[in-house]
Every structure is written in C-alpha cells, then in structure tokens.
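Colleague: Protein chains in written order, with the numbering used here: chain A, 1 to 205; chain B, 206 to 536; chain C, 537 to 1265.
Keep in mind the hints are simulated off the structure, nothing from the lab.
Source: prediction; values computed, not measured.
Where a beta carbon is used, it is the ideal one built from N, C-alpha and C, also for glycine.
Certain hints may be false.
As the list claims (entries may be wrong) - Stretches of chain A that chain B covers, calculated by requiring three or more beta carbons in the stretch to come under 8 Å of a beta carbon on chain B:
#, segment
1, 80-94
2, 101-112
3, 155-164
4, 171-184
To be verified - Away from chain A, derived, C-beta distances all over 10 Å, residues of chain B:
#, residue
5, 230
6, 294
7, 342
8, 344
9, 402
10, 403
11, 412
12, 416
13, 464
14, 511
15, 533
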Amino acid sequence: MDRTPDEPSDTPGAVSRRPLMIGAALAAAPLAPPGIAAPARAQDAGDGRLRVNLTVNGEARQLSLDPRASLLDTLREGLALTGAKKGCDHGQCGACTVHLDGRRVASCLTLAVQADGRAVTTIEGVAREDDELHPMQQAFIDHDALQCGYCTPGQIMAAIALVREGRAGSAEEIREYMSGNLCRCGAYAGILAAIQDAAPKMRGA
Amino acid sequence: MQPFTYARAESEEAAIRAVSAGGRGTRFLAGGTTLYDLMKLGAETPERLVDISALPGLSGFETAGPRELVFGAGARMSDVAADPRLVRDYPVLSEALWKAASQQLRNMASLGGNLLQRTRCAYFRNGEPFACNKRVPGSGCAAREGIDRGHAVLGGSEACIATYPGDWAVALLALDAAVDVAGPNGARTIPLEALHREPGATPEVETTLARDEMILRVRVPATPLGRASTYHKIRDRESYAFALASAAVALRMEGEVVREARIALGGLATRPWRAREAERELAGRRLTPEAARAAGDAALRGARPGHHNAFRIELGARTVADALLIARQRA
Amino acid sequence: MSDTSFPDAPRADAQDKVRGALRYAADDARPGMAHAALAVAAVARGTVWRIDAAAARAVPGVRLVLTHEDLGGVKPPGFIMGGGYGFQSIQPLTSPQVAYRGQPIALVVADSPEAAAEGARLVRADLAAEPHQVTLDTPEADIVAQADSPLPKPMFADVTVGDAAAALADAAIRIEAEFRHPAQHQSPIEMLSTVAEWRDGHLTVQEGTQNAEAIRHGLARQLEIEPARITVLSPSAGGGFGQKNSLQAHTVLAAEAARRLERPVKLVVSRAQVFHGGSFRPASRHRIRLGADAEGRMTALVHETDSQTSRHDLFPTQYTELSSRLYGIGNFRGRERLVRNDVQTPGYMRAPYEHPAAFAVESCVDELAYRLGRDPVALRLANDAAADPVTGRPYSSRHLAECLRRGAARFGWERRSMAPGSMRAADGALVGWGVAIGAYKAATAPAVARLRLLDDGTVTLGVGGHEMGQGMRTAIAAVLQRRLGVDPGRITVEIGSTGATPQHLTAGSWGTATVVPATDEACDALLRALDALPASRTPAERLRAAGRAFLEVEVSRRAPGQPEAVIGRLATGLPAAAGPAYPEFVSFSHVAHFVEVRVEPTTCRIRVPRIVSVADCGRVVSPRTAASQLRGGVVWGIGAALREVSEVDPRHGGFLNADLAEYVLPVHADIGTIEVEFVDEPDPRLNRPGVKGLGEVAMVGVAPAIANAVHHATGKRLRSLPIRVEDLL
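Based on the sequences and whatever the hints tell you, model everything.
Modeller: Given below as structure tokens:
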C-alpha cells in the first residue's frame, strides 16, 4: 500500500541485504597485481561538474553537479524538493533523512554524485497519490507526533524505514532505532505512539 | 569546501592504482560519513576522491564459516549488525555496530571506513583558533590544557590526547581480528592490534596503512568466546552518542571459573585498547563481582587523568566490570 | 465560551507538516537565488586590522564579499531590552571590533552554497587579540548590580518583601546552598535562515521568527528606510524557544547583499555558527537561604543571583520573580547581579529565569522536607500561597494544590518510602521519586485582530502572533469553530507575517492569552455586525441574504490595566506585554512534576522512565497541542537537568561543543513515559476565555524534580547542572 516502486517490501524478512559476493577480491587469495583492472571511470564533464542520473520519487532526473554538493542541497536547491531539511549539515540531527535505494540515509552526508544511478525517495514521494497520505503520515497527525514540523519529514522517513527494517517490535526498539532523529520540540512520545499505530497498518497494507 | 575531482572506481585494482598515482591529495571515498563530514569542516582537504563505495566485491560478508568470519570492507554497518548469526554467536560484534551512530549513518558507513573513523576532539574538528598537532603537525595541542572531559586517559602523548571514537574496531580487537589490505605493491594482512597507532610525536599518522592501501576485508577467527560476549557502551545519552567508556569483552567459562577472557576498551584511549593484563589476571578466577571489578581496575592500570576526565578512569573500570557480568550470563 | 472544555482536534497545519509541504524560510528555492555564508572571528575579543578576501573573491561562482570595510553605513539595531530590536546592540561587520569569538567578520555570496562556503573558508583576517573574560568567575569590576544599573525600574529592581534577614535569624531551620546552571543553547532544528529580496525598492525578508515586526522595524532602523518598504514573511518557524525573539545579526547582511547583487540571497547560518550567531541561556549562579519554623512553615527566603551578560549589553534577569512568588513566604529578599563577559549577548531560552530559579528553590524545599522528615508533597501543600506575597493582591486563579494532588494520585506517590536509597528496581537499579513545582507568569500582549467572513462561509482571521510549533493556529481555529460554527477546513489564520495586523513578539508564554481573547472579541464584533443583517441559519447565509460578499471587523485589545499608548509600541515592533502583576490581581500558571529516576548501580547512568505532570494554564483551548507542548516542556527539563551544557574553554572564549553531536540534546531513547494532565479551569479574571500560558511553565520544575529524585535514589544533593555520571560515581 505504502510502497513506492523503488523500495522493498514492508515485510521484515525482506529487508534488503546486499547480495553476498565473496568473489575473487574477497577470497583469501592475494589481490591481482595492478595493471590488469579497468581504470577508474572519470565522469568529468569538463568544467568540474559531473553528469549524474538520479531517480527521484520514481522520476528519472539528469543533473550536472558540483562534486561537492550534498544530496540534501541537490534535492533542495536543485530540484526544489524542500521537504528534507537541513538542521546540522553533519549527520547529527536526522532532519535530512531520505531513502536511497530504499534505505534511510542522511542526505547531508551523502555526496550527490555518489547517488548516481540510484533511487531517492523523499517525503514528497511517500504517498502514492497527491491526495493520499502514507499510513505513517496519518499516524503522525493522529498522535500529534510533531510540533514545529521542521524535523517531521526526517522523522517520518526514518519511521517508515524502521518499520521495513523490522525494528518496530517494542517501544524500546523503536526508541533506539529512532534516536538518529532529534526533535527539539520534544514530540518523542507522540512519535513513538504514531509508529506503534502505523506499523501494523504498513504490514497489513 | 575545497574543490576536488571525483571518480568512481570499477575495481579494487583500479581504485588503488588511481589513489597511488594521484599523489598526496588523493583519497579513497567509501561511505563518506567521516571524510565528507571533515571536508565540510575543512579538517580534510582532499583534491581527488576515488569512490570505492559501489565496488560489489567488497560488500559481502560471511559469518557461517567454520574457521573464520569474513567481512567485506564495503559491507554496511547496519547489514552486518542485523546478521542473525552475529547476533546469536558474536553479540559483541553486533552490539558494537548497532550501538554506533544512527541507523541512517550505519546504512551509509562501511566496515572498513569505520575502522578509520577520526577523532571527535573538538579542537581537531573545529580548526581556528585551536592548536592541533593532528590537523596541523607541530601546532600544539589545545586539548591538553583545555576541556578534556572526553579525551583519552590511555595512550596519550605530549602531542595528542584525542580519543579514538570507534566501537567496531574495539570489538574486533577483543576477538583477535585482522584486516586484509592491498596496495600498489600487493596485499598484506595486518592484525587489528597493529592497525591503529598511538599518537606519540606524530598524531597525524593514525594507522599503519599507507595512503594508497585499501582495506579489503576484516577477518575474525571463529571462536566459542563469541557467544559469551558483549559490547557495553556508556554515553552521555542513551543512544546516538560516542562512548564515555566502552568495553568489548568475551569469555570462555568453566562453571564459575574464567578459562579465557578478552577485554578491549573504547572511548578511553587514543586507539582501540586491548587490556591483556586484565585478561591474564582474570583467567582461572571465579567471576565474582569483585573479580570483575578487579579486572576493570587492571584494565585501566596506567591510565593518566587530565583536568576533567579523571572520572572516566573509574567509569572505565566499572564498565569493564559490568560488561564481564553481562557476558557471563551468556556463557 | 469557557463553560465547557474544548474537544480534541487535530493540529491545524499537521497535514502540510507531514507532507513536507510547509514552507520554512530556507525552503524558498528558485533559479537565480544567490547563497551566502559567513566567515567568523577566531579570537575571543579584539580588532580586525587587516582582512584579505582576495582568495574568497577568486573562488569561481563567488559574486560578492562584504566586510566591515563595506558596511560602515549600516546602523546598529539597538538592543531588544533597551528600546531596540536586536538580540544585541552591536551589528557585526560595521566596525573592526570583535566582541566575541564566532562573531561574523565577512559575508561571502555566491551562485551556489558550495562556492559560498568555500569563499568563507578562504577569508583571511589578521586580528589583534585583547584580554577577555568568559566565565562567572570574574573580577568584581565586571559585576553589575542590577538594582544600581540603568535598567528600568521597578521592572528590574530587586524584590524585597518583609524582613528576610530578621526572619532568617529567627528561623528554626535554615537551608543554605549555592546552585550553578551552565550556559545552554536553544538549538531549534531550523537554523537561523534568511531569504532577502528587493523589488522596486521594497525589501521582502523570509525568516523563521517569533518577532516579525522587530525584524521589520529593526531593519528599517539599520538601513534607514521606511518600515512600509519592508515586509517580513514568517508564517512558520521551525522552533524558536526564545532564540528567534528579535532581529538577528545576520539578517541585515543578507538584505545588504541582496540589494547590492539585485538578486534574492539565501543565508543559512551554519549550525556551528548558530552557537555564536544568536542568543543563549546565560550561565548563572544562585545562592539560596531558606528559613522555616519547626512546623515547616517557610518564613524567609533570600535568593541572590549572578548571571552572564555581554560586555556591550545588560541582559537583565528576573530570577526572583519566581522565587518570591512560588510559595506564600512573607519575608523575601532578592539580589540580582549581571556578570560582564566577552560573549554575544545572552538572551531568552524557554523558561529563561524560572527554570534555573526553580532548580535552586525547589531543591532547597526538598532539602527542607528531609530536614523536617516531612513528605515533600505535604510540605508544599502546607506552604501554598493564599495571595501574592509581593503585592498582596489575589491571584486571578491558582490551582497549584490541585496540580499537586492530582499528580500525586496519578503517580502513586503514596507508595513512596521517604528514606533515600530505600527503593530498588528488580534489576538492582536505585529508584528515586522526586517532586517539584513550577510557575510562570500569565502575561498578555496587546493585539489587533481582523476577522473577515465571506459569503461562501470561509473565515480569515489575522492577528499578531507566530506559529513555532506551540499550536497557535490550532488554538485560534478552535475559538473560531466554537464561536462561529465554522469548520476548520474553512478557516484561514494569518499570523507571523507583517502587513495585515501588527506582529507583536510571541514569547513569554503569552501567545495564547494574547491571540485567543483577541480572536474571541473579534468574533463578538462579527456576531454583533451580523445581528444587523437578516436572520438566517448560518452566518454565511445571513451575508448572502443581505447581498453582502463579505463582512470584516477589527478589534484592538490590551492587557488589563494597559494604557492606550501601548498600541503605539505594538505598531512599532517593540515589546509591549504585561503581567504577571495586573491592577486587580496577579496571574500565574502552575505545574507539578512527579519524576521517577533509575540509577544504574555500577556505571551510575540516570534514566527517567516515567514522569507525571499536571498543569494549570487556565482553559485549555487546544487539548491535543497543549498536551504535546506540556510533554515537550518535560523533555526540555530532562535535557536541561541531565544533558545540556554549552562548554566554554576560558582560554579561547566562545563555545566549544558547537554542534548537535557534542551539545547533547535528548534523543528518543532518553525519553520514557510522560503522562500529562490539565486542571482545565478557566481564569475569567485574566481574560474572558480564561486562558493563561503553558509553553514555559511546562518546563519549570522538571529539573529540580529530577534532582530531587536523584537525591531520593542516591542520597546525593547535586546542585550543578547538568547531572551526569561523574556526579554519582
């Protein structure tokens, strides 16, 4: 129900784990001597900017980026997707949380160029239709899990991911796995209640 | 942030070659949670980044093998923390991972990169006006006479008392892990114990890795000690904080008696800190609360307080003691 | 309208907030936007004698660098507590003087945030450092007795009631102790952010603020232009907590840059810079002497304080407003002093005086209970005030005893055993139960409210106030719904932006007691005007029946006893609130907090699994947002008591732990169960709807309740915040 095309299923067992690839490089054999591998692929477009392809909320976007740009600034300034917020710019507050290939990340500490070829979901993309709300969004309203609202998009993105990770088992577990998202207004009790309410709805949907 | 060029490596070999050929300003980029953070602060100023975060050969891990556990350096902290075998058979490893940072950062950070996490010392991170030998060699150390509440009580030098902030390396150290690395001149294996350096007179050199050497994987010998283990971490808040003191312990018990103990300390030293003396003293003893406390004291023997951090010597000893008692219950 | 409780209703702006659709200032993203970044001083005090911006200007994409050599024409904003608008009186970049570490010395504007940040990094400044002083332990010459200072009296006079010295000398029991509170930072998650743009000589500023009018009038003063040429848009702030109560130092820099570049300029002050770019809670020291008779009747209280201020401003304190009035103590002497430091001017942070003062006083009251062997709740009930001890006037309402009784019952207080260390949890943790009370003035600001009803049934209400998460929009909508029968979907609330009605500072917990009565009176006026129209079923039908497209009324409201002239202050963006002392009565909100702590026996970690808080804030107009606000205040109390300290290295000045990893805010895992309850009795003497304030009282008393619980668990009296493991090892 709450699924967007680029994200994994909500069932806890389906948490995406990277395919196990213990290939040549990971086996105990020594690394092949240098000179036989393909060179590092330069993507430079010539002016220091890089061409990057992102899928954002299901839509393919091609961007020309300063390599220094964070994914957060790229979403906000480049794509006018300002739901993800800047609260610290150092991965210390969680307000910038988005999903990258279905996993929650701090977009302020993600170089946008590293997201090349990957799928980004922001708060603007979690509801299937414009006039619908994701069950987590509705639960945040129902439990007044917010005050000023500034950290809220990050909290919701973290909360949706948390349920998919199978971490909504107990209050203690939810608190632990939501601790990367600061709420200065102190809406923590409401956020906990919202997640406990939304988790079964997400699983059942 | 200083401009840099960015390239994505398509193989380990290509990455090493690119970093080696690129010279001093060229760096590997994995999850970026440390490097990009410090670049934003101006504490790191690379000119060329070689992205190794998408190398498929580095991202796997295998915890079912009879002889050893193998973790690709590119595996994400969150994935490894959640591995059911690790949770069951090596809680010290799983806990060290999930008690670090936040799930967002654990989804980004790689196991190899995490080993190389740099200190949280505010004088190091924040630049001007603070003297920092790590940041500007020879400039002095503002922490020694400063706010040193979080600074190291073990392994410090005149030049630097910055705490090694990581958790994973501490747990690995307790389990005698090793890292396989590769560089332009080939591959080698470094015992984890030999990976990190004490600051001495050159605190800017934090590890024994060459700049163009890359961690490929972490190997942990399979051991029954893993079951009776824990990573106990005491922080200023209940989550999402660096350790005031932490202890990675693992035990082999025979009834009430400790046959073998592994104890490593985090958050207290300039590098991941193995407490071998405490291990030796505990071996053969009944694990009473008093014995656990004695082991804690032994682990902190030789600790030197600064101005605001003396309490962490006591806290460290108690953390070790609690960790031992937690681990015993898992035996 | 106060006869019955208000129903539960969702937060008015929650839909937009959960969608990420609500626009905060920095969310204005569009082509052509220029991005600015600040370079700041690295010395604690000194003079810039050379500044080299050549490298910054050479950065590709950098369009402008401003230093003090460029901005000499910009005037100082004046200090908000001294007839001006700024959080401090001085304006960075208008002179070579550096008053504190972290003070901006250059603004770099570029086409991208990356280029601006790089430019700022490359600004080189040679500064001549001068001696500095940044702690309370300072030479006497830098200590100012507030009573002898130029600060206005009687507002900032020392409070004296009866003869405290004599009563103390006669007291059977005396408690004497000194308390220390560290500097702390408000740290709303929205950083200080401004988008400035000029069009045809008109400046529009977008900035999350608690005081749009101060930004407007302050910028007019700084730029020497008519206020009519400035619009400030602040429909929502991402938290304020006192930090955003005035004109910030960075705002005029963005405005100047936008004017020179003829482009909109966005300036987001970095998190590290926010620690020096706005105000903070000053460090303070409190010496308490409390006297009681053998029966436990408190007879004397002396409260002496030292509190940080800056070298350039006197940030006044009113710590004794709480201590003199929390109980019915007949003899009180207060003495408040200010300590000049080389810091940016400190300022207001949630419960600015009341929280530190309550920590000191309520810790001593707990100590008194133990000296007497008396239950701490019973002791407090026995010392409740019948009338305001300072003026002798009655309270407009006082339900403190009710808060204590209800809280004790809900918490299960009767199961508490008195002796410290006498309660244990199954896992061996020491259990401590503590109680403390809090009070906060019920203030009111003047307001103009304009209400418009359209013939389609929609209603627009404009009034002076700012939404920063407390739920002001929701409270206003609740009143409109009750009085006019209009459903929430048809209500538009226009607050926080200049233009329609004056936007008075929203602070001091006077928001609801300002906008709700004004809205209520506007409804009166509208209903009277409707009475002149033909009768019909609904107001909109009456309009249509009369052939009117709309009906608009405007009311102007002042606090009880306020002179007409206060409207002039309102119109010019100056603070104009009144309270707690009104001509006929004195008005406070009250709260009682009951806290359980658990102290881990070995490593001494303190956890707070459970808190029960009962508040009297008059009639609760928006039950859902009020409950959130009370819980939020409790979380703030936990942070203040156990986590937050802005660390200072005296050698370097400024604040050392200037980020959100090292400035330790509570996280989810720190917060257990918080049960809240309201007395919900209207206070019609204060205003007809009977509302008082809530946002700040919510926090007052949490810290001493925690400290008292820690004492109950461990037997240790801890008098310096925050309480951390090192205090218990």
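Colleague: Go through the numbered hints given earlier and state which of them the structure violates, listing their numbers in rising order.
Modeller: Per hint list: zero violations.
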